[in-house]
Structures are given as C-alpha cells and as structure tokens.
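Given next are the chains, with one letter for each unit.
Protein chains: 2
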Amino acid sequence: MTATATLDTLETPCLLLDETRMTRNIERLNALMAGHGVQLRPHLKTPKSIEVARRVMSRPQGPAAVSTLQEAEQFADAGVTDLLYAVGIAPAKLERVLALRQRGVDLTVVVDSIDAARAVAARAKVAGEGIPALIEIDCDGHRAGVQPGNHEHLLAIAHVLNDAGCLRGVMTHAGESYGCRSLEAIADMAEQERAAAVGCADAIRQAGLPCPVVSVGSTPTAHFARHLDGVTEVRAGVYVFFDLVMAGLGVCAVDDIAATVLTTVIGHQPDKGWILVDAGWMAMSRDRGTAKQPVDQLYGLVCDAQGKPYPDLLLAETNQEQGIIKLRAGSNASLPDLPIGAKLRIVPNHACATCAQHDAYEVVRGNDPGVVAHWERFRGW
Amino acid sequence: MTATATLDTLETPCLLLDETRMTRNIERLNALMAGHGVQLRPHLKTPKSIEVARRVMSRPQGPAAVSTLQEAEQFADAGVTDLLYAVGIAPAKLERVLALRQRGVDLTVVVDSIDAARAVAARAKVAGEGIPALIEIDCDGHRAGVQPGNHEHLLAIAHVLNDAGCLRGVMTHAGESYGCRSLEAIADMAEQERAAAVGCADAIRQAGLPCPVVSVGSTPTAHFARHLDGVTEVRAGVYVFFDLVMAGLGVCAVDDIAATVLTTVIGHQPDKGWILVDAGWMAMSRDRGTAKQPVDQLYGLVCDAQGKPYPDLLLAETNQEQGIIKLRAGSNASLPDLPIGAKLRIVPNHACATCAQHDAYEVVRGNDPGVVAHWERFRGW
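For the record, the sequence lines run as chains A and B.
With full-length UniProt numbering, letter number 232 in the first sequence gets 232, and the count goes up by one each step, no holes.
With full-length UniProt numbering, letter number 134 in the second sequence gets 134, and the count goes up by one each step, no holes.
Note that these hints are calculated values from the structure, not bench results.
Incorrect hints may have been included.
Pairs count within a copy or across copies, as identical chains cannot be separated in the list.
As the list claims (entries may be wrong) - Result set (BS3-like, lysine-lysine): computed pairs, CA atoms no more than 30 Å apart in a straight line: (1) Lys292 with Lys272; (2) Lys326 with Lys292; (3) Lys125 with Lys326.
These numbers come from a predicted model, not from an experiment.
Please build the complete structure, drawing on both the sequences and the hints.
This is the structure:
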C-alpha cells in the first residue's frame, strides 16, 4: 500500500475495510446506548487495531474489552487504561495482569469458580493490592459462568474475592443470541441476559458485599434490548464491522458489512460453472457460521470490486489459497462473465475470524476506488 | 520462550512441534520416494518456517513448492532457489515472479487456460526471458486444471507457452484423495493422478513440444502410490506434521502427529461434563476436516501435557479464545479430573490451518518437557 494505492493496485487477497460503513455501525450502537443511558465497553477482539479502537471507544483511555493479554498489552501501549480481560483467568496469567496494573492500566479479570477466585485473591495478597475481578454468570448455558440461581456458589466466590479487595461485580454474555430466529427472540434473550446479571448483583449486594459493575452484552442483544435497568455497561464487538451471521440474524443488512476480502479471478471451470479466485480458507478462515442459519452463505457472498453483491453468487468451496465461486444451488441467476484478473469482494461469515487471517486493513470509503489508509492488526497471545 | 523454557513455563495457547515425530514423518516419505526413484518437492505451505524447510528439503536450495509469493520471497531470502508457485497465476502477480527470477530463483508458475498462458507469454516476451510454467491438469474434478482428455485445449495452451520459451511441463494434485475411504482407494487415486499427468505429458511430447516436468502429488497419494512411472517429481505438504484428517484416512497414526496446541484449563461446568480451556478457534482454526470422515473428532483430540490421548476426550466446541472439552457422545470413558491451571495438548484436524493461527513453533522432543527451540513462522501474501 502506498499513498496512491487503489483497488486496482492492491495485492490480493487482502482485507478491505469500508470506513463509511464502519462509522455508521459505530454511530448506531452509540445512539442506542445513549438512549438506554448505559456505558458501552466495545470488545476489541474483532478489530485488533489501534486505529479502529480509537474510533470505536468513547474516549482514548477506554473503556474496552479484550480477549487476550496480548491485546491488553498492545492497547495499553497505545494509551488505553480501562480494560476488561473478558475470558476466565488462568492463574499463570496473573503475572502479566499485575505487570499491566503496575503500569497504571485498570485491568479487570473474570472468574467463575472458587479455585480461580482463590488464585486471584492469593496473588493479590502477595502483591499487596487488589486485582479487580468480575464473577461470570452463565445466563444461557452457552459457555462458562456460575448458574444464576446458585446464589450459594455465587456468594462463596464473592466472599473470597471481597476478602482480598478484588470484588468488582458481575458479567455475562448471551452467546446463545447467535442462535435466535427472530428479533423478538433476541430481545427476549437480552432480557434473560440482563435479568441474570442484575439478579446476581442484587444477591451480592443483599449479602452486604459491593457490586459496582453489572456488565452484559453480545452484538445481537446490545442492539435489541428493550431496557437495561440495573446494567452499568454493555459489551459488543462484531458490530463494528458486522458480517453475514449478523445479517442472517437480522441484526444488520448486508449493506452494513464493513470488512470484506478483495480477491482476483485466477481461472474457470466452465463445464461446472465455477470461477476460481485467489481467496481460499487462508484469506477467509474456515468459519461457516451461516451453515446453522436458514440461509447458508457457504464461505461468503461475492460482490463486484465496488462491493455490490452479484445475485446468488457464493464462494462455495475453499482450498488453502484457492476458492471456487458458484451460483447458489437452485438459483435462476446466471454466472457473470469475469475474466482472469478481475477483482471481487467476498463478504465473510464471521468478521472476527476472517479479519484474524490478515495483518492489516486496507481502508476504503464506499464506492471510491482509492485506498485512504493502511491500518495494522496484531495477533497472538 | 527462553533457553530454559519448559511445557510448564510456556504461555498458552501456543503451538508445539514434536521434532522426534516430524523427523520420523520426513524419513518415511523420503524412503518411499527413494524406492520409487522419484524426486520429492515438499510443499512448504504447511510449515511456513525456514527451520522446518531446511529439515524437509533434500538440499538447502530446494526443490520445494509454495502456495503464495510471500512464501517464495521468504524462502528465497533463506537461500532456496528451486521453487514452484503451485497456484494458478494471476497476471498482476507476474511482476513479483519476475523480480524473484531476476534474483536467481528458478521460480515456476502454473496455468490452466489460454488466457493465463497468454499473460505469462506476453510478460516473458517483454522481459526478454522465459517464465517457466506448468500446465495444471484436473485429474479428479477437484479444483482447477485442464480436463486430461481434452488434448486440443492442452496443446493450445502448450503452444502459447512454448512459443514464448515458457513451457516446462504438467502438474496435477489429487485433492479428492482426502475423501477416500480405504488405502486401496487412495492407491487407485494415486494411479488416476499419475495416469492423468503422464498421459498429458505424452500428448505434449507427441505434438513435438518439450515436457521435462511431470509433477503430481498429495500427501495420501504420495504415500500409497503403487508406482510412479513417468512422473518426475512428487509434491506433498501436510505429511511433515500429519493431522487427524490424515489419521482418519489411515495415512498415519495419531501417534505420528507432530503439531499440537498446548492449552490451559480455565474452568469447569460440572453439571454438563465440560472442561473449559484457553484454546478456542483462534488457536485451533475453524477447520473441521474430520466432520466428513467416519469418526468426527470435532475440534481435536485432547491429550495430557506429554501428548498421551485421553480416551474419547474431545475439544467439542470453540469460541474465539475458549474451548469446551467433553467426552465423545456415547462414550463410557470418564471425564478426567483436571484442575484449573492444568496443561493439555490438543491434536488438530488440519495441521495447515491450525499452524497458520500461530507465529511460531515451540519445539519439543517426545515426552521431554524441555522446549529445545523456538522457530518462527511467517504469513500473509
């Protein structure tokens, strides 16, 4: 990428980010959160980029959430000081947590068991300072967390943390919202998520312990919650770019999806109705999130170089560095005539997974063929 | 990783490479190729590492195959001078191909159409030197390539290349061998692959054109070909590490798989029989290659820290940075008692995809807990 790069001069495959769409997505959720009067804590595991983070956070210092300590360290280097490491803490990782805290980063960790709480409390006592922790609540049976009705377990963890000055609150994530079949079901799931977190916070407070933070969120529930009474912050990540899974849920339109993969036609198998491109699973990831949805988009929707979808044209199969484009099964559309060398954009199933295959965003704005910026991503643990 | 790193001190998740197993895998295929009297051209898209390349190639200069020009450039920087870029060439990539050739790298490209052949020939004429090209043959309907019975098309491409001093031979890849259900079927597929390539080479020679290179290969067919008469070189990549897909095919044993992911237990959901670990799809990839096999291994087989598999224990589900371990459905085995902080190894479905999620190999030898080396990987295009 140089200052004069355009869609024509970019090497393919590469990751395109439409800043116009991204800005629209950011503004939409900001407006919703302002309406609820609740703070947004954007999850930076999707962008993994300082430049995107600065546009998605309310202030340069945060708040934000991360999924790895590598993200926490990178964002701390860029001046972010209010971070939640939103994955259950492994005791061996507490050294890196403390190192960040000693640099002035208010990094919070997550626990969902007595054993993990004891590890945090013990390390905090040795360090002579609290390590703030949220207790994860399992609002939907999706993953980790204390069962919301098991107050005995919840309070046992809360006491261990509080005795070491580490209790900051509760958090939950309605991952099952990705499986909802209507916006009404998403709104119901948002209420289930909210009620689980607020109910556990109330139980902690009734036991005489502090619970200043009540953190909830997923991209679907953040957008369709009816109300967020009792919630202090909402986390969401993929909304900054959106993707075909979110479009399939009805959370966004295909036209809102900001991150796509630019690819080049490298061949044809005319007898089979195939167009071959240089975007395989290395460029797209193996994520097939829409496979479980009513409309399966295979490895992605095929658009022209300006981002306009072709009717029923899908990236149907992927090898490591080759993809096979076909019409959707049963389609009456016709295969476009795309010569070798033609460029296309592929809209991915899952933005987090596809972006993770790339080291940078080539930033464009709507239909303009110019590349306005090159934003680096980071990765690793 | 420091000089004194051990499995206990590594940050997780990370990629482990058992050099003892890798060496055994390399020696096995070298012996088979020596028996056939055919040159091996290892495909370096799997390791993407100079150190692994030096161990898998017959000489420091190659030959070897790559799947991206980024790989070609990295290996050229390390002194590899005999390279095949084994993906159909996009015309815009010929500048980088020529730049490598002008550095003294004998880089060969692949075409399967008149249009691509014309682009190569035209660029070669401008450059005043041939750009050697192989014509891809579609031996099994899997991907790209000229139909092996369509000699008219084959010879038209061959003439375009030959007129510009670019015709070097033919190549094919039996990607369908991954779907075979027996070693006999793999041997049959190897013969189909061999016969398609040799038949096309004969047709080119009968037309009075040169065809010095007849290149075939996939890891399954390379290991079970009955003979390779007329073949000049065999390509294979994933055999250097193997994986669960190859074990499911019977090409290797689970005990041969050299690349695994080291992970840490971060939680439990005892009511559900779940163990949570810090290896999600970011560490494993979303590859589910065994889903199409008779035994589906979900996201991978779970082993203890020394690499011994637990009976029927699988990485069943993955979020971005969390994995859920469960017993295989219907198993009579019992869930091991693994405390928070315990380390495990996960054997992946597909080595190429899982390794691509990591920036380095932590090299171990068999059951020894010491980490003997840290080998960097590269990525991108």
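* In rising order, the numbers of the hints this structure does not comply with -> Of the numbered hints, just 3 does not hold.
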